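Q: As a plain string of letters, each chain reads:
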Amino acid sequence: MAKLGKIKWKHYINYIAIAIVTIVFGAMSFANLLPSSTVYLLEKIAISIILAVSLSMVVGFLGELSLGHAGFMCVGAYLGGKVSCLLEPVFGNGLITLIISILVGGLIAAACGIIIGLPALRLKGDYLAIVTLAFGEIVRSIFMNSGEESFGGSLGLSTPRYDKSVLFIFAFVLVLGCLAVVQNLIRSKHGRAITSIRDNEIAAHATGINVTKYKLSVFTISSLFAGIAGVLYSFSNFRVQSTNFDYNYSIEILVMVVLGGMGSINGSIVAATLITYLDTTLQTVLTGNLAVLQDLFYALILIILVVYNNAPALSAFRATHNLSVFFEKLRKHDPAHRRDDEAKWDRVPTKIEMNEILSVDIQSTSSTVDPDKKEGK
Amino acid sequence: MSEIILKTENLGITFGGLKAVSDVNIEIRKKQLYGLVGPNGAGKTTIFNMLTGVYRPTTGRFFLDGEDLTGKGQEVINHKGIARTFQNIRLFNNMTVIHNVMVGLHNQSEYKCSFLETILRLPRYFKTEKAMRQKAKELLRIFGLEEERNNLACNLPYGKQRKLEIARALATNPKLLLLDEPAAGMNPNETADLVETIKFIRDNFDMTILLIEHDMKFVAGLCDEITVLNFGTVLAQGDTKTALNDPAVVKAYIGG
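Chains A and B, in that order, are what the protein sequence lines are.
Residue numbers for the first sequence follow my numbering, so the first one is 44 and each next one is one higher.
Residue numbers for the second sequence follow my numbering, so the first one is 5 and each next one is one higher.
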């Protein structure tokens, strides 16, 4: 128990949660207890988490709006898929092919990130959004119009089939890797530099932060993971089709980040899981004539989620029933209790929290006034 | 006389056809408190922006400790040793007080830690984080902000936000500190406190300070030497008392 106070458990809770999910479902999958549709759903969730976490680095921490995430994903999907097609006859469809194609897909997407980022990151706000949006569409139409020999053109590219369980576990290992990279980077001096650019770019310049370097690094790392997610996507569907990567998909990823709360990694994870589950469930529940309602319901549920996500009652509930409160309670029992410097660092506080901070101030001043009053009596 | 820290030679800038600042020659010596005074639109902040690399001067040059820094980028100039605060406070509002100062420490050589070391959480990461936190706490203690170190910067009262901005600038370990209207919007108590803080910084950090201010009492009580600007040109320069009593200065301020 003495050690509990030293380790910042709430920083590792997301790793632990994802690791447990991986182990439980992985074991079930190997024992053939899971229907393949569930495995497919879990893979999609893993892909969404990687996408959302990597985009949240750009949108939530760097404060730049990028709408081209699906474009980087598309690059990764096609190139990773192509590489694995080429490698399959040599290495078979085992782990080696999988790892090499992931690496190639990810790195080429990262290279695209650098090429696009260098000129585009000079732009701000809406302009950057438009450029990245255009990039996504250009990439998509390039692959759409590619020859059948190279990337399959409008028919798409078929990729080798991997063992479902292996792919599933591999996907979640990549989720953990992505999470580790993003989280470790954000909770460091580099992360502080990145967040300072979001908060006040002019002041960041004046404080000696190399703004261009950080913007480009964040953009590159984010596109690296988008590429990796793209490769996973191509393997999970056995097929890459350029129509899947339209700007709607970029916006869907952005919705995950926004819904999860800008600058909250755990929020992005939860929102990615929720939205992917919602999307897939609607597709399976509403079939036949009701299929036309899928988009309608999806949009409706999204609106409700976004509107009520910040409802006062829900925010108040979250303020009292969150993990930091839980660990704070655990720590109070701990004699080696020390004050945590890192508190409230990994996300922007909500309005409710700020109100709370303010109200605490008022209370403390009023309590210092009270003794005087008593003396007066 | 001690060595010259900052020297400008005919510094000037034009925006299109407008001469915003022309022929400014300033010499600031080590540990001096130097004031830059003038009516609105005189070009004081423009000079700051040139000295920190926001604008590139169209004419003239400036030297920090003998080194020509004209036309260098903002980051480079900051590394070389010019730090500034802003007229309208620019803190990293959604970061905690201590993290604001730690961003200031970012570039110092003793806190180097590469991306890879950070991502892999190698021992160096923990060492630098601890050292940075320690150093930031020391700085905050000097400014009386240690208690608030885990609060968000935007929740600090105005006077403390000013102090935090100065602390952040000092964290970059500058040779010359530029303060852009540090007393703007402060009440008399806060201003008196600020005067003490500035004197304290000069004495304890061996700091040279160049400040812009409108409050004449503040300038007269604090600065050793001043330069008075009007419409981008120097009206008077030198010892604070004499410069402020210069007929041209009185005319510019009071009219007549």
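I should point out that these hints are in silico values taken from the structure, not numbers from a laboratory.
Predicted model, so just to flag it, every value in this text is computed and none were measured.
Heads up, some of the hints might be wrong.
[Claimed, not checked] Under the rule of at most 27 Å between Cα atoms (straight-line distance), these lysine-lysine pairs were calculated in the BS3-like manner:
{"no.": "1", "chain 1": "A", "residue 1": "Lys207", "chain 2": "A", "residue 2": "Lys125"}
{"no.": "2", "chain 1": "B", "residue 1": "Lys141", "chain 2": "A", "residue 2": "Lys53"}
{"no.": "3", "chain 1": "A", "residue 1": "Lys256", "chain 2": "B", "residue 2": "Lys255"}
{"no.": "4", "chain 1": "B", "residue 1": "Lys11", "chain 2": "A", "residue 2": "Lys256"}
Q: None of the hints should be skipped; say for each whether it holds.
A: Structure-based check of each hint:
no.: 1; hint: Lys207/A - Lys125/A; verdict: holds, 19 Å
no.: 2; hint: Lys141/B - Lys53/A; verdict: holds, 24 Å
no.: 3; hint: Lys256/A - Lys255/B; verdict: violated, 49 Å
no.: 4; hint: Lys11/B - Lys256/A; verdict: violated, 31 Å
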